[in-house]
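If you want the building blocks of each chain, they are given just below.
Protein chains: 2
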Amino acid sequence: MPIRLTDLSLTVLDTQYAVRGPIVARAAELEKAGRKILYCNIGNPQALGQKPLSYVRQVLALCEYPELMGLDHKGIAERSSAADPLPEQRFGSAFPPDAIEAARHILEGTKYGLGAYSESKGVLAIRKAIARFITERDGIESDPNSIFLSDGASKSVELALRILISGPQDGIMLPIPQYPLYDATITLFGGRKVPYYLDEERGWRLSRELLDKAFMDAVRKGVKVKAICVLNPGNPTGAVLDHENIAMIIDFARSHDLSIITDEVYQEDVYFTDFRFYSFAKVMSEKGVDNVSLFSLHSISKGFLGECGHRGGYMEIRGVPGEVVDQITKLQSLSLCSNLPGQAVTYCMVTPPKEGSPSHDLYIRERDAIMSALRDRAAVLAHGLDGIHGIDCTPIAGAMYAFPRVSLPAGRTDEDYCLALLEATGVCVVPGSGFGQLPGTAHFRTTILPSMDEIRDEISLIADFQAKYE
Amino acid sequence: MPIRLTDLSLTVLDTQYAVRGPIVARAAELEKAGRKILYCNIGNPQALGQKPLSYVRQVLALCEYPELMGLDHKGIAERSSAADPLPEQRFGSAFPPDAIEAARHILEGTKYGLGAYSESKGVLAIRKAIARFITERDGIESDPNSIFLSDGASKSVELALRILISGPQDGIMLPIPQYPLYDATITLFGGRKVPYYLDEERGWRLSRELLDKAFMDAVRKGVKVKAICVLNPGNPTGAVLDHENIAMIIDFARSHDLSIITDEVYQEDVYFTDFRFYSFAKVMSEKGVDNVSLFSLHSISKGFLGECGHRGGYMEIRGVPGEVVDQITKLQSLSLCSNLPGQAVTYCMVTPPKEGSPSHDLYIRERDAIMSALRDRAAVLAHGLDGIHGIDCTPIAGAMYAFPRVSLPAGRTDEDYCLALLEATGVCVVPGSGFGQLPGTAHFRTTILPSMDEIRDEISLIADFQAKYE
Numbered sequence: 001m002p003i004r005l006t007d008l009s010l011t012v013l014d015t016q017y018a019v020r021g022p023i024v025a026r027a028a029e030l031e032k033a034g035r036k037i038l039y040c041n042i043g044n045p046q047a048l049g050q051k052p053l054s055y056v057r058q059v060l061a062l063c064e065y066p067e068l069m070g071l072d073h074k075g076i077a078e079r080s081s082a083a084d085p086l087p088e089q090r091f092g093s094a095f096p097p098d099a100i101e102a103a104r105h106i107l108e109g110t111k112y113g114l115g116a117y118s119e120s121k122g123v124l125a126i127r128k129a130i131a132r133f134i135t136e137r138d139g140i141e142s143d144p145n146s147i148f149l150s151d152g153a154s155k156s157v158e159l160a161l162r163i164l165i166s167g168p169q170d171g172i173m174l175p176i177p178q179y180p181l182y183d184a185t186i187t188l189f190g191g192r193k194v195p196y197y198l199d200e201e202r203g204w205r206l207s208r209e210l211l212d213k214a215f216m217d218a219v220r221k222g223v224k225v226k227a228i229c230v231l232n233p234g235n236p237t238g239a240v241l242d243h244e245n246i247a248m249i250i251d252f253a254r255s256h257d258l259s260i261i262t263d264e265v266y267q268e269d270v271y272f273t274d275f276r277f278y279s280f281a282k283v284m285s286e287k288g289v290d291n292v293s294l295f296s297l298h299s300i301s302k303g304f305l306g307e308c309g310h311r312g313g314y315m316e317i318r319g320v321p322g323e324v325v326d327q328i329t330k331l332q333s334l335s336l337c338s339n340l341p342g343q344a345v346t347y348c349m350v351t352p353p354k355e356g357s358p359s360h361d362l363y364i365r366e367r368d369a370i371m372s373a374l375r376d377r378a379a380v381l382a383h384g385l386d387g388i389h390g391i392d393c394t395p396i397a398g399a400m401y402a403f404p405r406v407s408l409p410a411g412r413t414d415e416d417y418c419l420a421l422l423e424a425t426g427v428c429v430v431p432g433s434g435f436g437q438l439p440g441t442a443h444f445r446t447t448i449l450p451s452m453d454e455i456r457d458e459i460s461l462i463a464d465f466q467a468k469y470e
Numbered sequence: 001m002p003i004r005l006t007d008l009s010l011t012v013l014d015t016q017y018a019v020r021g022p023i024v025a026r027a028a029e030l031e032k033a034g035r036k037i038l039y040c041n042i043g044n045p046q047a048l049g050q051k052p053l054s055y056v057r058q059v060l061a062l063c064e065y066p067e068l069m070g071l072d073h074k075g076i077a078e079r080s081s082a083a084d085p086l087p088e089q090r091f092g093s094a095f096p097p098d099a100i101e102a103a104r105h106i107l108e109g110t111k112y113g114l115g116a117y118s119e120s121k122g123v124l125a126i127r128k129a130i131a132r133f134i135t136e137r138d139g140i141e142s143d144p145n146s147i148f149l150s151d152g153a154s155k156s157v158e159l160a161l162r163i164l165i166s167g168p169q170d171g172i173m174l175p176i177p178q179y180p181l182y183d184a185t186i187t188l189f190g191g192r193k194v195p196y197y198l199d200e201e202r203g204w205r206l207s208r209e210l211l212d213k214a215f216m217d218a219v220r221k222g223v224k225v226k227a228i229c230v231l232n233p234g235n236p237t238g239a240v241l242d243h244e245n246i247a248m249i250i251d252f253a254r255s256h257d258l259s260i261i262t263d264e265v266y267q268e269d270v271y272f273t274d275f276r277f278y279s280f281a282k283v284m285s286e287k288g289v290d291n292v293s294l295f296s297l298h299s300i301s302k303g304f305l306g307e308c309g310h311r312g313g314y315m316e317i318r319g320v321p322g323e324v325v326d327q328i329t330k331l332q333s334l335s336l337c338s339n340l341p342g343q344a345v346t347y348c349m350v351t352p353p354k355e356g357s358p359s360h361d362l363y364i365r366e367r368d369a370i371m372s373a374l375r376d377r378a379a380v381l382a383h384g385l386d387g388i389h390g391i392d393c394t395p396i397a398g399a400m401y402a403f404p405r406v407s408l409p410a411g412r413t414d415e416d417y418c419l420a421l422l423e424a425t426g427v428c429v430v431p432g433s434g435f436g437q438l439p440g441t442a443h444f445r446t447t448i449l450p451s452m453d454e455i456r457d458e459i460s461l462i463a464d465f466q467a468k469y470e
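Order-wise, the sequence lines are chains L and Y. The first sequence: position 213 = 213 (the working numbering), numbered continuously. The second sequence: position 271 = 271 (the working numbering), numbered continuously.
Among the clues, some could well be false.
[What the hints assert, rightly or not] Each computed SDA-like pair below joins lysine to any residue, with the alpha-carbon atoms no more than 20 Å apart:
| hint | chain 1 | residue 1 | chain 2 | residue 2 |
| --- | --- | --- | --- | --- |
| 1 | L | K330 | Y | Y39 |
| 2 | Y | K111 | L | L30 |
| 3 | Y | K51 | L | E108 |
| 4 | L | K330 | Y | S433 |
| 5 | L | K51 | Y | E108 |
Rather than coming from a laboratory, the hints here were simulated on the basis of the structure.
So that you can see chain L by itself, here it is in the shape it has in the complex:
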């Protein structure tokens, strides 16, 4: 007899992931039937028109096929056959020398090129480059042996939660609204969700009062709270936490013996000129806190790289004893290693072309074009949505999403709304219930990634729809 649905575990069946849920499935159906769909459901920059950085792709092409620079697959100047013509005259000179240098450095670090498994944690030379990046960004030390390369931040979330959830009594605090991967993974691993609300009225900041309330409620229910997850910049909220707010969260975690998982994948996506990104690592270090375990995540999928398809990123851990680090390494080794092209892109992300080097100007030009487009669209989208009667949208300080609040007719849910919006306009957004929201409120999430023209269309389509929705 084949396997049946009833053979599956409740944790699998209960796991929900709205970003790729039923509304997206319906959009795909409509598209197949010939409807034009504007996919605003997912932060997938290159699917919505963003171009990859030339430098990153040049380095990747050179790493994949080092014959382009006259080298073998390990980056060594040997020919595979003496009979073949030397290719460096044909190709090498056409790539910028700093891209060639980066590719050679990556290949040297891997020792065997992109086709061999690396160490489970990732290539040491790349982990060293990440540690230098953290040091330069934050002015603090970073240990390459506390860095784990990953197939995207989702895999780091999984790894951290696998370590933190030891049984059904263990609780993980997660923001409401949150990126649904957290909810899904906690459910899948059989842990308890301990939701804490973000304060929409105060730009989605965290409040100590709401954190303490959530913690105490959980303790009263017998939950052993192990960690708090914080997304900064926030997804779906678009909030960028200030120094004071981060310091408060660290104090909260310390006072309750919690670990911190901090998802910092949108750290480059800060749009307000008077806001800046502070890492939890930096603030913890400034405060001299060394007795809180910190799991910080970063990714190549967001920022101005937007290299989602390459599935790369890393987790840096702090305040984690060596014997626990060994357990994390062991778990990582079950997948052998993260993919090497993703590791190579991570190297490029943390080691951009230096000022004065041949690729620098183009890199900066491409980067700034992307960032300024994102900034403009964030402003237009938030402003446009906020101007619609029945919709309130917090300004988008960072990340890649608007999360407007919608007034609904009695008896309607946000799922009803998003489905009706899709059917009526072809605009595909994700209902707020997929992220969680204060009971009695309704929201949806939509990305800032479509072109400015499409965003203007989207706003006017939503405005028309909203006026008639009943």
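Please build the complex by placing chain Y on the supplied structure of chain L, with the hints as guidance.
Relative to the frame of chain L, chain Y by itself:
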């Protein structure tokens, strides 16, 4: 207070993965101290001298940087800036036209290039190519919607076991000896291991008698047996199962309502001319069995590609009801999608250059050189080890390993042996206990991947060591 070892779950702590265990860690220490280490512990072809296929790397370079063929990152003939010079004259002509065609086909399939998330299951055009490959290989139908691209077969194992293990009562039959990922993942997911022994005297075949015994023993202990895992060709055994043996396993699974996970990553690695690889899908189809759920795995890491670092592969499922397929898709969507370069390599694996096309001859030449080297080394290694007094080695019919049996002095374990071998000779092999073995026997696993000279050295080092070991 930071997280402590005692905060972790027993399932995490109990998980063991010998292929990257303490002996490998010791080898890395010795290497750091200046010792020459011969790493025979892992099937990592390109780390042991195997060269990537030129065609695969050309296609990858073109997909990563389509400007090499005068296209943008989505494979469309548009320039990112009209001011830039057109590159096709410089590069495009230097790549074989069929590599360019394959790259264009892949980019067209992805729609947005390698930098965007694909569908959770993987790019449809690539799944269609895999379905065609299965149809050509086996003469049976294959449905692209039953195929899930993965970051290597390890991730497919994880996905299948996540579906099959619903609680601590659920048991998974796994061979002894086995590839330790199975043991590790079952432990991590809190399932029960139901080991069945392979018959070393009969070339590591499966026996119905031993399967029934293992099944009944488990049932008596209250285990609900859900599935059987079969590795064909076998790792670490090197066995290639014949048609009759596969048919027997299918009958066994059917008679006990078990699903089958079949790990067929070494399907290209068959060295004996009178042996051939039969897929479980083919044999099941020939027998008209449609009421057994089958999860078949393949990978780009083994065979003659050896592209481990690219982390690619797929799982094809059969006899799985639609509502369970939806659950698998949902779980896959938590990681969003597998990495796109790995998907592109998978496309190349299932769609090699056609006869008469420009890349065909070089492809065949490179492929045959790799396969004949593997075949020669398999023969020399098995014969050489078998000739050592105190060591018995089954001939290596397939896959990439020898798994010889060693006679040990009283009081010595295979771990002692492998550690002493490493310290004395620099040869790094994995103790049999990491894979499981009949109580009272001792083995080790060593790959056929080093060069012929290194394999000859290895044999003579082991022979000298064995003569003196006490």
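Here is what the structure says about each hint:
no. : hint            : in the structure
1   : L:K330 / Y:Y39  : holds, 19 Å
2   : Y:K111 / L:L30  : holds, 18 Å
3   : Y:K51 / L:E108  : holds, 16 Å
4   : L:K330 / Y:S433 : holds, 17 Å
5   : L:K51 / Y:E108  : holds, 16 Å
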